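Peer 1: So the chains spell out like this:
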Amino acid sequence: MTASGTLLGDGRVLGGRAMLRSARNPATILGAVLFPILFFVLFNLVMRRIMEARGFDYAQLLPPTIVVQAMFFTAMSSAYYVADDRRSGIIARFRSLPIHRSAPLIGRSLGDLSRATVSAVVITALGIATGMRFERGWVWALAYLGLALLFALAVSLGMGLIGYAAPTPEAAASIASTPYLPLIMLSSGFAPVEDFPDWLEPIVRYQPVSVTIDALRATAGTGDLGDTVPLALAWCVGLIIVFAALGSRALERAA
Amino acid sequence: MTASAGPVPSTSAAPAAGTAAGLAAQVAAFAGRAFRRFSRSSETVVNTTIFPLLLLLTLLAAFSEAVEAFEGGEYAQRLVPTLVVSGLMFGSVGAAYGLLGDLQSGFMDRIRSLPVAPLTLLIGIAVAELARALAAVAVLVGVGHLFGFRFLDGPLSALGFVAVGVALGPVVVWIGLSLATMASSLETLGPPLGAVFLLLLFFSQGMVPLEAYPGWAQPLVRVSPITAYVELLDGLAGGGPLAGPAVRALVWSVFIVVGFGGLAAYRLSKPAGDRG
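Chain order of the listed sequences is A and B.
As numbered in this note's numbering, the first sequence has no gaps in its residue numbers, which increase by one up to the final residue, 268.
As numbered in this note's numbering, the second sequence has no gaps in its residue numbers, which increase by one up to the final residue, 278.
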């Protein structure tokens, strides 16, 4: 430990590795950018009229949902990469080097956040092109981006845990794609919370994905900031603390 | 994978390779192998049963109220046929991955050195989809029943529903099989296939009625193969007309099997070194 490097310095080097790895893998780019665009277009196509008939303004409300969905997609690669690192033995190799022991975790997160940034910016630009507006000005638009990335960090740390638990990278990718579906479908993302069955409504309203989407919408002008942003921050920061702690433990135990 | 690759038809016991009986024996052997392979893969079980169920339940929870307010019918009645078709599409990705593995592991090259028609491997994989389709139909109909899906037209139509749902398995799988003969890796197979299936699913009347689409999209939605399949299943479950959707479903099925099957056969006819 004494001879090891600094957390941030080593993390930056490993972050560079993670970014190169993403940039050179077409499937990762597809997941981060192309699939969210496809979902954005298709949900607009299929649900816009039906939801607008219910007073649920898709032009303004859908982009934050797709941004959150994109954050899931970018994070899913993380599960695959972690499992792949375990298989290739590079995690064991990192441990034999004089680097900070949590640097691999930081490096991976930097790589994930770089993908998430590209993805969030592209989707939001597409949203603006189809009628979304940041009614509170550019400071809150930056807060929107920051909150999206905070959520991305929480999810990617969680997905990393799947990478440590899964037997193979392929299994990791498959398991990682499962939790996102109920979380995003049973959220305020695509339909108003009031439309869900009564017994389900409280869960839908307060689960982290809904809370984050609502806060993103509030920073763009729809909904109350005080009701949504603190709750979203609490969820995201709480998840980051828990997942990061579990992640560094898993990193130490990983073969 | 090598461990579960299963038996290859033995040249001495099988009927002469070129005869109809010989080809049937080859298809049967490969179908058995494909069936064992996917029934032992937890991923296929998840893709075939749990994922469509999850989609059914979450779509029902999220969109029932809005769609029923828009068109007035029971949403489960529309969704169960849709998820049968979408479950077959997305589930067939496993079959496509399996074929890609066979092409890359050298299994296909081994087949070429035997007196076996290479295409029978693909036909075998397609035939094995019957079993997966049956599982998907059974689970979706069973759970759909709890949420308002009903066979309103008697047991004969219900049987027709199951038969059509199961028969579509070996049809839609050809899209993935033909892409697998062109792909170089899982990364160049999975995402494009997923994108094609998403487009097919959303540009259909599977999730919402035709009137919910903007004018420019409506002609596309109307001719979509998924619309034809969903309307046929919907008709059999007790809703609409049968003859029109049945003809369109048949034409599309022939097109898919001949078109994508032909493409796959063409790719396989080239020596391994020439494939992308």
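Don't take each hint at face value.
Claimed, not checked - Computed beta-carbon distance windows for the label pairs: (1) A:R262 with B:G261: 34 to 40 Å; (2) A:P205 with B:R114: 53 to 59 Å; (3) A:G234 with B:P216: 21 to 27 Å; (4) B:G261 with A:G234: 30 to 36 Å; (5) A:G159 with B:G242: 32 to 38 Å; (6) A:L110 with B:L121: 31 to 37 Å; (7) A:G234 with B:L222: 46 to 52 Å; (8) B:G108 with A:E183: 16 to 22 Å; (9) A:G150 with B:H147: 49 to 55 Å; (10) A:L33 with B:P216: 52 to 58 Å; (11) A:R37 with B:G261: 31 to 37 Å.
If you are wondering where the hints come from, they were derived from the structure by calculation, not from laboratory data.
Predicted, not measured: the structure shown is a model, and the values here were computed from it.
Glycine included, C-beta positions come from ideal geometry on N, C-alpha and C.
Peer 1: Is it true that R37 (chain A) and G261 (chain B) lie within 31 to 37 Å of each other by Cβ?
Peer 2: With a Cβ separation near 34 Å, R37 (chain A) and G261 (chain B) satisfy 31 to 37 Å, so the hint holds.
Peer 1: Within 49 to 55 Å or not, the Cβ separation of G150 (chain A) and H147 (chain B)?
Peer 2: holds (52 Å)
Peer 1: Go ahead and decide if the range 32 to 38 Å is satisfied by the Cβ distance of G159 (chain A) to G242 (chain B).
Peer 2: For G242 (chain B) against G159 (chain A), whose Cβ atoms are near 50 Å apart, the range 32 to 38 Å is violated.
Peer 1: Return holds or violated for the Cβ distance of R262 (chain A) and G261 (chain B) against the range 34 to 40 Å.
Peer 2: violated (53 Å)
Peer 1: Starting from the range 52 to 58 Å, see whether the pair L33 (chain A) and P216 (chain B) falls in it by beta-carbon distance.
Peer 2: violated (42 Å)
Peer 1: 21 to 27 Å was suggested as the range; check whether the CB atoms of G234 (chain A) and P216 (chain B) agree with it.
Peer 2: holds (25 Å)
Peer 1: Does the Cβ-Cβ separation between G108 (chain B) and E183 (chain A) fall within 16 to 22 Å?
Peer 2: holds (19 Å)
Peer 1: Is the gap between the beta carbons of L110 (chain A) and L121 (chain B) within 31 to 37 Å?
Peer 2: The hinted range 31 to 37 Å is violated for L110 (chain A) and L121 (chain B), with Cβ atoms some 52 Å apart.
Peer 1: Kindly confirm whether 46 to 52 Å is satisfied by the beta carbon distance between G234 (chain A) and L222 (chain B).
Peer 2: Given range 46 to 52 Å: violated, Cβ gap about 34 Å.
Peer 1: So the hint says 30 to 36 Å: do the beta-carbon atoms of G261 (chain B) and G234 (chain A) match that?
Peer 2: Check failed, 49 Å falls outside 30 to 36 Å.
Peer 1: Could you tell me whether the CB distance from P205 (chain A) to R114 (chain B) stays inside 53 to 59 Å?
Peer 2: For R114 (chain B) against P205 (chain A), whose Cβ atoms are near 58 Å apart, the range 53 to 59 Å holds.
In this structure, the hints that do not hold are numbers 1, 4, 5, 6, 7 and 10, in rising order.
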